[in-house]
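Colleague: Throughout the sequence shown, residue numbering follows this note's numbering, covering 33 to 233 in sequence.
The set of hints was computed from the structure by calculation and includes no laboratory data. By construction, the Cβ of each residue, glycine as well, lies at the ideal position given by its N, Cα and C atoms. Worth double-checking, as some hints may not be accurate.
Claimed, not checked - Label-pair ranges, simulated between beta-carbon atoms:
{"no.": "1", "residue 1": "LYS176", "residue 2": "ALA80", "range": "25 to 31 Å"}
{"no.": "2", "residue 1": "GLN125", "residue 2": "PHE162", "range": "46 to 52 Å"}
{"no.": "3", "residue 1": "VAL55", "residue 2": "TYR126", "range": "22 to 28 Å"}
{"no.": "4", "residue 1": "VAL181", "residue 2": "PRO96", "range": "24 to 30 Å"}
Claimed, not checked - Keeping only pairs whose Cα atoms sit at most 30 Å apart, straight-line, the calculated BS3-like set for lysine-lysine is:
{"no.": "5", "residue 1": "LYS120", "residue 2": "LYS193"}
{"no.": "6", "residue 1": "LYS99", "residue 2": "LYS176"}
{"no.": "7", "residue 1": "LYS120", "residue 2": "LYS176"}
{"no.": "8", "residue 1": "LYS182", "residue 2": "LYS150"}
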Amino acid sequence: MQASQYAPTLAANQQFELNLQSVEIALYDTIPTASCDHPAQMLEALHALLARTATFFELFLSQPTEKFPLFPYLLTSQGALAMDVLAKLSFFQYEGWDLSYVRSNYSFSSFVERTMDKFEEVFNLERACFPDLETSRFAIYPMKLRQYVKWYERRLAHEAKEALENAQAATESSDIPDLDPSNQYLEIFGDPGWWTHDGSF
Numbered sequence: 033m034q035a036s037q038y039a040p041t042l043a044a045n046q047q048f049e050l051n052l053q054s055v056e057i058a059l060y061d062t063i064p065t066a067s068c069d070h071p072a073q074m075l076e077a078l079h080a081l082l083a084r085t086a087t088f089f090e091l092f093l094s095q096p097t098e099k100f101p102l103f104p105y106l107l108t109s110q111g112a113l114a115m116d117v118l119a120k121l122s123f124f125q126y127e128g129w130d131l132s133y134v135r136s137n138y139s140f141s142s143f144v145e146r147t148m149d150k151f152e153e154v155f156n157l158e159r160a161c162f163p164d165l166e167t168s169r170f171a172i173y174p175m176k177l178r179q180y181v182k183w184y185e186r187r188l189a190h191e192a193k194e195a196l197e198n199a200q201a202a203t204e205s206s207d208i209p210d211l212d213p214s215n216q217y218l219e220i221f222g223d224p225g226w227w228t229h230d231g232s233f
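From just these sequences and the hints, can you work out the full model?
Modeller: And the structure:
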């Protein structure tokens, strides 16, 4: 789905292109929770979702700073959706899904930090145009995004700690039977919208 397939006036409209990208992200976002008997198809869909999310971010962040105050709330909400999807893809457990590749080539922290920088540019522009302006949504967004980055980093740290503890336990107690599988993967960060490999929550 590309804006170039539509009327010339829409094809040149980057906001329209962002809307199209967001629709595709929302459609692909349903795939990881769907039943799929073909791992290759699932991986193809995951990579398509990852690519569209990255494309959305690049187009979103390339918009002129002066346009952001004029963007509808829907567009910033679409940015939040893309951010959530990238975070989920960075932790999604599925055979053949390379988390190291995702985290190194599509760094969640990097995308969020670039978005914070953009929002801070917007707020500084607003202050320059309206000296009496004390705050705006673009001053608040970066504060929320910093909390998101902290959450992401805590989850990475927890994952690394858990992997180390599991490795040590396997080395020290190799003769102990495996734990009940239902108790092995407790969801520490229990967000109800997070995917699991079987679609449960």
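Colleague: Out of the numbered hints, which ones does the structure contradict?
Modeller: none
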